[in-house]
Structures are given as structure tokens and as C-alpha cells.
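*Asks:* Kindly produce the complete structure, drawing on both the sequences and the hints.
Now for the letters of each chain:
Number of protein chains: 4
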Amino acid sequence: MSFAEGGSIEMMIVMREGAGEAEIEQILERLAEAGATGHVSTGDVVTVIGVIGDREVIAGLPLEAYAGVDKVLPILKPYKLVSREFKRRDSVIQVGDTRIGGGHVGLIAGPCSVESREQLLSSARYVKAAGATMLRGGAFKPRTSPYAFQGLGVDALKILSEARDETGLPIVTELMDPRHLEDVREFADVIQIGARNMQNFQLLSAVGTVDRPILLKRGLAATIDELLMAAEYVAKGGNQDIILCERGIRTFETATRNTLDIGAVPVLKQRCHLPVVVDPSHATGRVDLIEPLSLAAIAAGADGLLIETHPSPETALCDGGQSLNPGDFEKTAARIKDMIEWTGRRLG
Amino acid sequence: MSFAEGGSIEMMIVMREGAGEAEIEQILERLAEAGATGHVSTGDVVTVIGVIGDREVIAGLPLEAYAGVDKVLPILKPYKLVSREFKRRDSVIQVGDTRIGGGHVGLIAGPCSVESREQLLSSARYVKAAGATMLRGGAFKPRTSPYAFQGLGVDALKILSEARDETGLPIVTELMDPRHLEDVREFADVIQIGARNMQNFQLLSAVGTVDRPILLKRGLAATIDELLMAAEYVAKGGNQDIILCERGIRTFETATRNTLDIGAVPVLKQRCHLPVVVDPSHATGRVDLIEPLSLAAIAAGADGLLIETHPSPETALCDGGQSLNPGDFEKTAARIKDMIEWTGRRLG
Amino acid sequence: MSFAEGGSIEMMIVMREGAGEAEIEQILERLAEAGATGHVSTGDVVTVIGVIGDREVIAGLPLEAYAGVDKVLPILKPYKLVSREFKRRDSVIQVGDTRIGGGHVGLIAGPCSVESREQLLSSARYVKAAGATMLRGGAFKPRTSPYAFQGLGVDALKILSEARDETGLPIVTELMDPRHLEDVREFADVIQIGARNMQNFQLLSAVGTVDRPILLKRGLAATIDELLMAAEYVAKGGNQDIILCERGIRTFETATRNTLDIGAVPVLKQRCHLPVVVDPSHATGRVDLIEPLSLAAIAAGADGLLIETHPSPETALCDGGQSLNPGDFEKTAARIKDMIEWTGRRLG
Amino acid sequence: MSFAEGGSIEMMIVMREGAGEAEIEQILERLAEAGATGHVSTGDVVTVIGVIGDREVIAGLPLEAYAGVDKVLPILKPYKLVSREFKRRDSVIQVGDTRIGGGHVGLIAGPCSVESREQLLSSARYVKAAGATMLRGGAFKPRTSPYAFQGLGVDALKILSEARDETGLPIVTELMDPRHLEDVREFADVIQIGARNMQNFQLLSAVGTVDRPILLKRGLAATIDELLMAAEYVAKGGNQDIILCERGIRTFETATRNTLDIGAVPVLKQRCHLPVVVDPSHATGRVDLIEPLSLAAIAAGADGLLIETHPSPETALCDGGQSLNPGDFEKTAARIKDMIEWTGRRLG
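Residue numbers (our numbering), protein chains in the order written: chain A, 2 to 349; chain B, 2 to 349; chain C, 2 to 349; chain D, 2 to 349.
Keep in mind that the hints are not guaranteed to be accurate.
Stated by the list, open to error - Label pairs and their computed distance ranges (CB to CB):
(1) A33(A) <-> N326(D): 14 to 24 Å
(2) D166(C) <-> T210(B): 33 to 43 Å
(3) F87(A) <-> D55(C): 31 to 41 Å
I should point out that these hints are in silico values taken from the structure, not numbers from a laboratory.
Model, not experiment: these values are computed from the prediction.
Every residue gets a Cβ at the ideal spot worked out from N, C-alpha and C, and that includes glycine.
*Replies:* Put into C-alpha cells, the structure is as follows:
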């Protein structure tokens with residue numbers, strides 16, 4: 002009954018109808034050269050080859066290039082260190098005095114970008130008062146237009162640091178360029194990798210060697226497995242303190258800026274052991290959807306939220322249209338805390 | 002300060018850079034012929050024409066066909082009867098002894114298809130016991146493959162009717178063909194229009210004249226506004242008892258069968274007065290995601306859920322892989338009822 | 002070396018890591034009940050089961066519903082009659098005096114909808130003069146808005162018929178409702194099934210028994226395999242004269258109405274034996290893209306084109322913005338004929 | 002008849018139905034503060050405000066954040082230097098002895114990555130013999146998996162340089178990290194920015210100051226306008242020698258790796274003056290689609306092609322499944338040259 006012993010089937014090669022013995026033989030030889038073995042099932046219609054061997058070696062073979070091959074179906078997941086199989090228990094990540102993952106829910110809030118000392122300190126105070134567990138704020142800003150505000154850079158990092166000193170809130174800020182790594186590492190508690198850099202592999206490798214947790218945002222067109230592969234880049238460098246962030250994917254729907262993939266939350270939590278947070282601000286680009294989608298995210302099992310809020314959205318230099326004002330943030334945060342309690346978990 | 006009086010700007014016509022006076026004049030004449038007026042803004046770079054007149058007339062003009070036109074931007078929504086502006090208060094739809102909308106949350110459950118009298122009656126009993134407010138079950142089944150089970154047809158309708166008699170649960174079943182309308186109307190309490198028929202305009206018109214509420218599912222690639230236009234087809238026929246259903250859209254992500262657009266729930270509720278339900282079974286195709294996404298949907302404000310469940314999913318003739326078994330349905334229903342209470346609304 | 006004899010592997014079942022013997026045994030029993038056999042490969046990490054048996058029976062089993070199953074990978078294509086394996090040579094479809102497929106390239110042109118006798122006869126004359134091999138024109142129109150022009154119905158069919166009598170051009174027109182089948186069959190030479198009805202399975206089945214070729218348009222969100230499954234519905238009824246039409250799919254890009262999937266042309270021609278035409282008018286919604294995309298389609302191997310043209314696009318009741326005027330149609334048709342010659346094939 | 006004088010309407014603000022005078026007044030004040038003016042059209046249903054003023058200032062205002070605003074519609078394009086309005090004539094880019102744009106069609110070919118001196122020199126010789134005008138080859142490779150081959154780095158650059166010395170073909174190679182800019186600039190004739198880095202704004206800014214043409218690939222989920230904005234980042238730095246590359250976008254279709262957006266070619270050429278090339282290898286991931294889609298691209302007006310080819314695809318360290326072997330490349334190149342001639346343009 003068993004067709005293959007002594008190893009896992011890593012991949013199935015489905016031959017085209019009409020593929021001949023010579024074509025099959027050529028593939029078996031290539032597999033043998035690579036130290037793998039192919040187990041052939043010859044059928045009335047098509048032939049299927051199950052491949053056993055070292056996962057990384059097999060994945061690197063250009064099997065689609067061979068004559069007679071119809072398709073190649075991978076059986077095993079391409080990531081390891083971040084997988085749930087590698088580590089069964091939820092990772093809990095400690096950031097300053099607060100935690101995220103494994104029953105601890107984080108509420109990360111603050112403005113899109115640091116615009117001034119007053120704006121940021123004011124933000125830090127009211128988000129702290131409303132229950133936020135970390136402060137976000139951009140020092141270096143990725144902007145679609147080269148004519149838009151690009152951030153205050155190192156000056157912003159210093160202001161964020163001052164806000165942490167005053168409020169005790171750990172700082173989450175984005176790194177866009179490996180040349181800024183030392184500066185960001187010095188001032189930030191959590192280093193964010195933005196959606197547009199999710200497959201900036203040089204940047205991922207760079208933060209894999211750093212002693213700071215990484216908040217890794219899903220790319221606009223990245224699959225769940227590609228997000229996990231990006232996390233694997235970081236983990237492979239030694240840094241396994243990674244928080245994943247679902248922030249909306251790009252679809253045909255234009256009523257919202259992006260489409261929040263709420264199903265990604267439970268899928269990610271099945272496939273990996275890392276905490277998963279949701280950013281309803283970027284997912285929708287609409288301030289009036291932040292509360293319903295925040296509640297939905299917590300209900301679906303998210304380990305935290307990343308919310309944009311601004312002391313005065315009408316004057317914001319970026320993302321004003323998706324930023325809660327202080328009063329609305331306070332109300333929304335209260336509902337979120339209530340929902341966290343409903344799920345039997347705790348804030349921070 | 003005012004550039005147009007005596008009417009609403011219905012549409013903006015943006016001319017190409019370099020468009021000349023003759024081209025603008027030609028458009029103004031066409032507008033005038035149609036009883037509309039164009040208000041011209043001549044700028045350094047482009048000219049913009051604001052159009053005032055009857056919405057339906059203007060929408061029918063092929064303005065993109067004119068020389069010199071760059072793009073046409075509609076200002077007003079293309080639907081009326083279903084819009085929130087037409088009716089400010091939430092529609093509450095009465096189905097038998099139960100309600101949906103305006104604080105009443107529906108729990109519609111049952112198997113993908115009616116397979117036998119025993120299977121359906123058994124389903125009706127346990128979903129009723131667990132708290133369902135309506136029973137779903139397919140008599141006519143849309144199947145991607147012509148070789149798959151196509152439903153029992155009228156026999157299934159009779160079985161559904163028997164289940165209603167026994168349990169009191171109203172029946173929700175799909176209509177696929179206008180030729181079956183009389184049969185379905187006779188036995189069903191709510192007539193479902195499936196995702197693949199959301200733009201089957203003949204079918205929409207047909208159910209617009211029937212004295213049964215319509216459950217209208219969003220098409221896989223339909224925008225929120227297209228769903229509302231489809232509802233407008235039904236409403237225009239006189240039938241304004243319409244329940245909208247978000248059931249996942251098609252995206253690049255393959256980890257789930259479709260991507261549940263959770264943001265569509267609050268957006269729909271802003272734009273229209275109709276109740277909005279969510280179908281987590283079809284949205285994901287995965288039984289293990291039904292509970293988290295059901296809770297998320299209620300948290301985001303959905304007026305109900307449509308859940309597939311089967312007395313024995315392993316023997317189901319369709320959708321077995323996304324159907325809850327009786328025990329799991331009971332547990333999930335309990336959590337859902339708890340969440341409904343948390344939101345301050347009531348079941349049924 | 003062989004892991005399965007006496008049949009084709011139809012499907013691979015990949016078990017979750019940690020799935021136990023009892024779970025595997027349960028699946029093997031279900032397969033045996035269905036007359037199929039499962040061949041087990043037990044590996045270090047995951048177990049894989051290759052399934053051999055009747056394709057349709059196996060496809061109907063809800064294997065995802067079983068405990069311990071991670072995913073189910075189909076090996077064989079789900080369609081048969083339309084597949085290239087079923088018939089190696091290109092199908093050539095005769096329509097009146099013209100042909101399409103297998104070296105014969107069709108040029109189907111005409112207005113979006115029949116608006117009047119004059120408009121249609123005028124269209125028929127100039128498209129004939131410019132080289133069109135068939136005349137298109139809508140009698141029943143699918144319109145997103147219930148307030149838009151819905152077509153002249155049977156009157157339009159009679160006008161189309163008159164145009165055929167005068168010019169000799171076969172008529173292509175859309176069927177939207179099975180209740181109109183007899184009328185449309187009587188007057189049309191080719192019956193079009195529109196994109197929104199590609200999965201209207203009742204309609205597909207209805208035209209499967211008719212003695213007219215079917216022009217089947219790809220749905221906005223339909224995969225290539227779903228299009229082929231829809232064609233299989235028609236073929237299963239006995240009607241194998243099917244012309245497939247790529248007309249753009251829905252993506253995130255908004256610069257064009259839809260995105261022409263040019264790669265679908267060669268992929269369809271590999272997978273099936275049916276002629277494949279392209280509709281650049283609906284694919285882009287922009288008159289200025291019709292010529293470049295028509296040339297691209299023929300260059301990529303398409304068996305024909307479906308082009309909207311109107312005697313006076315500025316007065317068209319639908320799709321004016323994407324309709325070529327007579328002069329531009331003539332120029333574009335000349336370039337198309339030149340390109341057909343370049344590819345070594347012939348018009349009609 | 003004119004509703005706004007003394008400037009272009011840059012943006013339309015559509016108010017929600019029911020928005021009051023106070024809300025409108027607040028927006029007018031904010032516009033005035035920013036040196037812009039708002040022209041109000043008060044209608045029966047909605048109020049619309051046309052905004053006149055400096056484009057960059059207006060684009061930076063968070064107008065969606067204001068109470069009563071329904072939506073904000075930009076009228077003007079957000080890019081300038083790359084726009085067709087800025088420069089009417091096609092840009093022709095000189096690279097070594099060859100040109101691209103304005104009637105000169107480029108054929109850029111070579112392996113995915115430089116694997117060895119022998120592999121690359123052999124590639125250079127046969128692509129030159131077959132008619133290629135530039136040689137491509139990766140020194141630094143973006144790989145989804147951290148376990149895959151990452152490229153030979155600077156050693157590869159030296160090998161590429163040697164190939165140029167021998168064959169005279171200019172070198173196109175990818176830059177992934179601003180820290181490698183000097184090395185890549187030293188050896189490359191054209192610096193490629195890959196799809197995953199299309200919105201790596203630091204990298205874009207870095208290459209904006211370099212004296213090498215840039216080949217900028219469209220991101221998997223980037224709109225045409227976002228691609229043009231990315232090009233604007235480069236142009237703003239002073240480097241206006243930019244070649245755009247359509248290489249497939251991510252859609253729901255899985256039959257091809259990505260979906261080639263052939264319509265993007267004529268749309269880009271309308272909106273900007275830069276040359277546009279197509280990469281059929283990455284667009285489809287299938288060697289058998291390279292020829293039909295190459296011909297389609299040239300027929301649609303593309304200024305060049307980027308094709309992967311390998312001396313021995315079965316041994317390739319990356320992208321073997323989408324690389325043409327030398328014999329097939331020669332045949333395809335001959336067809337491409339024939340098609341270029343058909344369009345009345347010239348190779349190189």
C-alpha cells in the first residue's frame with residue numbers, strides 16, 4: 002500500500018499526457034544527481050513522480066524546464082523557523098514592560114509621521130491615557146509621490162525617544178534603508194518593515210541580526226506564504242522576535258483603499274507561531290471603518306492592532322483622512338479593550 | 002464663489018490637455034440636446050466641465066466617445082431606492098416569526114444541498130436546537146463542473162417545506178432559472194440569488210415582482226456599488242425586501258477559497274438601508290475559519306450569518322470541506338449568540 | 002520504482018503533519034467505498050495519499066472534510082470533451098460561408114446594441130466593406146444599471162436578420178434568458194453567452210442542445226479552467242461548436258476598464274481544441290486601445306476578434322466610448338488583415 | 002458659462018449629502034490658508050468644491066479628514082517630468098552603440114543570474130549572434146526564499162563586464178541595495194530596479210543621481226500611475242534616462258505566474274515619453290509563452306523585450322522553467338526581428 006519509504010514526498014511532478022519514458026528517465030537522473038529520488042506512478046493518462054530528498058536542494062531544481070513536465074506541486078511548506086511545526090506554542094514577544102502574543106494583546110497607536118515635538122508628545126500622552134501599549138510614529142516615510150513630505154529623519158527618532166522617556170511607551174518606527182539601521186536601532190524598541198519593503202530582501206537580512214523585535218507588514222500583493230517567507234529571512238539571521246501585520250491587500254474593490262484580509266489572521270496563526278496584528282487604518286484608508294474592523298480583528302483572534310491617530314487630523318502632513326482624532330480614539334480604544342476582555346485575553 | 006446654480010453637479014468631464022474650444026463646444030451642444038447643462042472651468046492646464054441635469058439621462062450619454070475627453074467622473078451614486086439617502090432608517094425584514102436588520106441578527110444555517118429527507122430533517126432539527134433562525138438548503142445547485150451533483154430540484158423544495166412545518170424555521174433556497182420561479186416561490190420563505198447570478202439581470206428583474214424577501218449574494222468580482230445596483234434591479238420591480246450577502250471576493254490569495262471583504266459590511270451599511278449578512282463558509286472554503294470569521298462579521302456590524310453545516314460532512318454531496326458537523330455547529334452558534342449579545346443586539 | 006500501477010493518480014491528498022494512522026485509515030476506507038484506491042507514502046514529516054479511480058467519483062468526494070487532511074491536489078484536468086487531449090486537431094467552425102479556427106481568422110464587428118434599422122444596416126454595410134466576416138449586435142442587453150437602455154428584443158433580431166439577408170454576414174447576438182432561446186436561435190447564426198452569464202449553468206445547458214455555434218465569453222473573474230468547464234457544460238449537451246472569447250479580467254488596475262489577459266490565448270489553445278477570439282473593446286473600454294490590442298491578439302495566435310464599431314459613436318445608446326467610428330474601423334481592419342497575413346493564416 | 006477662472010481645477014471635493022454650510026466653510030478656510038481657492042457648486046443633492054491652486058500643496062492637504070467630505074477626486078496627473086505633456090516626443094535612450102525608444106526596438110536577453118564565467122560568456126555569444134542588442138544577467142538576486150541561490154555579487158559584475166568587452170553588448174543588471182550602487186554603476190550600462198523594489202523610494206532616489214540609464218520594472222501590484230510616480234522619483238533626481246518595463250501583474254489567474262498587462266504598453270506610451278519594454282519571461286513563468294507574448298508586445302507598440310535564456314535551462318540555478326534554450330531563443334529572435342520590421346521600426 003505504501004509507495005515511498007525512507008523519506009517524505011517533498012514534491013509531485015505531474016507529466017504531460019503523452020510524455021515518454023526518455024523524458025521520465027531524464028528527470029530521474031537529474032534527481033539522482035541531486036541526491037534525491039523519484040517514485041514513479043505510471044497511469045493510463047498521466048505519469049506522476051513523487052520526489053523524496055532534501056527540501057532546499059529539490060526546491061532549487063528547475064524541474065519545470067524539463068521536456069514533458071506539466072506541473073510541479075510542492076508538498077511541504079517552504080518556511081521552517083517561523084512555522085507552527087517548528088514551534089508549537091505561541092511566541093510571546095516582550096517589548097519594554099509590555100507583551101504581545103499568547104494571550105497578550107497589543108494596542109499600538111500614534112500618528113502616521115512625527116511632524117513636531119509638540120504633535121508627537123501630545124499624541125503619546127493621549128494614546129497612553131486611552132490604553133495604548135506602544136507608540137507608533139514615522140521618522141522616515143515611504144511616499145508614493147516624490148513631492149510629498151518625506152519625514153523628519155533622525156530628528157524624529159529623538160523626539161520619539163523623548164516620548165518614550167516621558168510615557169514609558171515603547172516606540173515602533175519604520176526602517177526603509179539599511180544605511181539607517183544603526184540610527185533606528187538606537188532609538189526604536191520595535192523596528193517596522195513597511196508593506197512596500199516586505200520583499201526588500203537586503204533589508205530583511207539586515208534586521209535579522211539586530212536585537213530588536215521586527216514588525217513586518219504584509220505587502221499589498223503578497224500571499225500569506227510570501228509573508229511567512231519574508232519572516233523566514235529575518236528569522237534565518239537569528240532574530241526570531243517578529244510580529245506580523247495584516248494591513249490590507251490590493252483587490253479590484255475601490256470603496257476602500259485596500260481590502261482587509263481578515264481570514265489571514267486565523268490562517269497565519271495556524272501556520273506560524275508568531276503574533277499577528279492588524280492595521281485597520283491602512284487597510285481601509287477610512288477613519289469611519291477603524292472601529293468596526295478593529296473589533297472584527299480582535300474577534301478573529303488578532304494579537305494586536307496598529308492604529309493611526311493624530312491630535313488634529315485636518316492638519317496632518319500624511320494620512321489625515323485615516324487618522325482618528327483624540328476623542329474618537331479614546332472611544333474606540335474603550336470598545337477594543339472591552340472586546341479583548343470578551344475573548345478572554347488581556348491588554349499588553 | 003458658486004460656479005453652478007439650479008441643480009446638482011452629476012458628473013465632471015475632464016478634458017485632455019490641449020483640447021480646443023471646438024471640442025468643448027461639441028460636448029456642450031450634446032448636453033444641451035439632452036436637456037442638461039455643462040459648466041466650464043478653463044484652467045492653465047486642463048478644462049473641466051461640470052454637468053447638471055437628469056441623472057439617468059446623463060449617465061446614458063457616451064461622453065467618453067467625444068474627441069478631447071480624458072475622463073468622466075460620476076459624482077452621484079447610480080442607485081436610489083436602496084440608498085441610505087432614500088431611506089435613513091435600517092430596513093427590518095420580517096420572515097415568518099423572525100426578523101433581520103435594525104438590531105435583529107439572523108442565523109441562517111443548513112447544508113449546501115438537500116440530499117435526502119433524512120439528511121435535511123436531521124439538519125433542521127439540530128440547527129434549530131442550536132439557535133438558528135432560518136434553514137438554508139439547495140434544491141437547484143450551481144456547480145462549476147457539469148459532472149457534479151446538480152440538486153434534487155422540486156423534490157428538495159418539498160422536503161424543505163416539510164422541515165419548515167416541523168421546526169417552524171423559514172426556508173432560504175436558491176433560484177437559478179426564471180423558469181423555476183413559481184416553484185421556488187411556492188415553497189421558499191426567502192429566495193436566494195447566488196453569487197454567479199448577481200448580474201443575471203433577467204433573474205433580478207423576475208424576483209423584483211415577487212412577494213418574498215430576496216437574499217442577494219455578492220458576485221466574486223463585483224464591487225460594492227455593483228452589488229447595490231443589482232439590488233436596485235430588484236427594488237425597481239417593487240420588491241424592497243432585500244438582504245445583501247458578503248461571501249468573499251476573488252483575489253490573488255489562494256490560502257482561502259475567496260477573500261472575505263469584512264470592510265464591505267460597514268461600507269454597505271453606510272450606503273444602503275438593507276440588512277447585510279456574511280457567509281463565512283463560501284468566503285473561505287475552510288471549516289476551521291467559520292468561527293473566527295463569524296465572530297468578526299458580527300463584531301463588524303453584520304446583521305446575520307449564513308453558515309453551512311451537515312449532519313455528516315464526510316458524506317456530503319457538496320461543500321463537505323466547508324461544512325461544520327453538528328457538534329461544532331452547536332459550539333460555534335453559542336459563541337455567535339454571545340457575541341450578538343456583546344454588541345447589544347438580539348438574535349432573530 | 003513504481004508506486005502505483007493499474008491506473009492514473011487522479012488526486013494527491015496531503016495529510017497534516019502529525020496526522021495519525023486512524024485518520025489515514027478512515028480516508029482509505031472512504032476511497033474503497035467509492036471504488037477508488039489510495040496509495041500511501043509515509044514520510045518523516047507528512048504522509049501523502051495518491052488516489053486512483055474514476056475521475057468524476059473522486060472529484061465528488063469531500064476529502065477536505067476529513068480529519069487530518071491538509072490539502073487535496075487534483076492531478077487531472079476537470080474537463081474532457083473540450084480538451085486538447087480529447088481532440089488533437091484544432092476545431093474549425095463553419096458559420097454560413099465563413100470559418101473560424103485552424104488557420105481561419107474571424108473578424109466579428111458591429112455595434113454594442115441594435116438601436117434602429119438604419120443604424121444597424123449602415124453598420125452591416127461598412128463592416129462588410131472593411132472586411133468583417135460576421136456581424137455582431139445586441140438585441141437583449143445586460144446593463145449594470147436598471148435605468149439604462151435594455152435593448153430592442155425581438156425587433157432587433159428581425160433587423161439583424163434583414164442585415165444578414167442584405168450583406169450575407171452571419172449574425173452573432175447575445176442570449177441572456179433561457180426563455181428567449183427559441184427566438185434567438187431562429188434569427189442568430191452564432192449565439193453569444195455574455196461574460197456575466199458564463200456560470201449561468203442553466204443557460205449553458207440550454208444552449209448545449211441547440212444547432213447553433215456558441216460564442217462563450219470569459220467571466221470577469223473566471224479562471225481559464227473555469228471558462229473551459231463552462232464550455233464543457235455546453236459540449237456535454239451535444240453542441241461542440243464553441244468559440245471561446247477572452248474579453249479582459251478584473252484586476253486592481255483602473256487605467257483600463259478590464260485587463261486583457263493576452264496570455265490566456267496561447268494557454269487556451271494548448272489546453273483545448275476550440276477557436277479563441279479576443280474582444281479588445283470590452284477588455285479596455287477605450288477606443289484608442291482597440292488597434293494595438295487587436296494586433297497583439299492576432300500576433301499571439303488568436304483565431305479572431307470581436308470589435309465594437311458604431312456609425313456615430315457620439316450618439317450610441319451603449320458603449321459609445323469604446324466603439325470605433327467607420328473611418329477608424331476601416332483603417333484598423335486593414336492593419337488586422339495585414340497582420341493575419343503576416344502570421345500565415347487567412348481571414349475567414 | 003465658466004465657473005472658475007485664473008487657474009486649473011486640480012481637484013474636486015464631493016461633499017456628503019446633508020453636509021452643511023459650516024462644514025463647507027471649514028474646508029474653504031483650510032484651502033485659503035494653503036493659498037488655494039475652492040469654487041463651490043451647491044446642488045439639490047450634493048455640493049461639489051472645485052479646488053484651484055498649487056498642485057503639490059493641494060495634494061498634501063488631508064481633505065478626506067474633514068467632516069462632511071464624501072470623496073476627493075484628483076483631476077490632474079500626479080507626475081510631471083515623465084509625462085507626455087512635459088515632453089511630446091518619444092525619448093530615445095542611447096546605451097553604448099544601441100538605442101531604445103522612438104522607432105528603435107531593443108532586444109535584451111540573457112540568463113536570470115550569472116552562475117559562472119563559462120555560462121555567461123556562452124550566453125553572451127549566442128544572444129549576440131541571434132540579434133540581441135543588450136545582455137542581461139543578475140549579480141544580486143531577489144529570491145523569495147532565503148534558502149535559494151542569492152547571486153555571485155561583485156564577481157558576477159566582473160564577468161558581465163568581460164562579456165561586454167568581448168561582444169560589445171551593453172550590460173543590464175539589477176541593483177537591490179543602495180550600498181551596492183557604486184559597484185553596480187561601475188560595471189553596468191543599464192541599472193535595473195526590480196519589481197519588488199519599484200516602491201523602494203530610497204533606492205529610486207539613489208539612482209536618480211547616477212549617469213546610467215535605469216530599467217524600472219513595474220511592481221506586481223502597482224498601477225500604471227504608480228509606476229509613473231516611481232519613474233518620477235528617479236527623474237526628479239536628474240536622471241531622465243528611464244526605460245519602463247511591464248512584466249506581469251498579480252491577479253486571481255494561476256495558469257500563468259503573473260498576468261501580462263498588454264494594455265499597459267499603449268497606455269504608458271500615451272501618458273509618458275519614456276520607452277516601454279515587456280518581459281514575457283517573468284510575466285508568465287512559462288517558456289512556451291515567450292514567443293507569442295513577445296510578438297504580441299511588439300505588435301502592441303513595445304519598444305523592446307527582456308527575455309530570459311540559458312545555455313542549459315535544466316541546470317539553471319534560477320528561473321530554468323522560464324528560460325529559452327539557445328536553439329529556441331534563436332528561432333524566437335528571428336520571429337521578433339521579423340515583427341519589428343512589420344511594424345516599420347528597427348532593431349537597436
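*Asks:* Hint by hint, say whether it matches the structure.
*Replies:* Results for each hint:
| no. | hint | verdict |
| --- | --- | --- |
| 1 | A33(A) <-> N326(D): 14 to 24 Å | 22 Å, holds |
| 2 | D166(C) <-> T210(B): 33 to 43 Å | 38 Å, holds |
| 3 | F87(A) <-> D55(C): 31 to 41 Å | 40 Å, holds |
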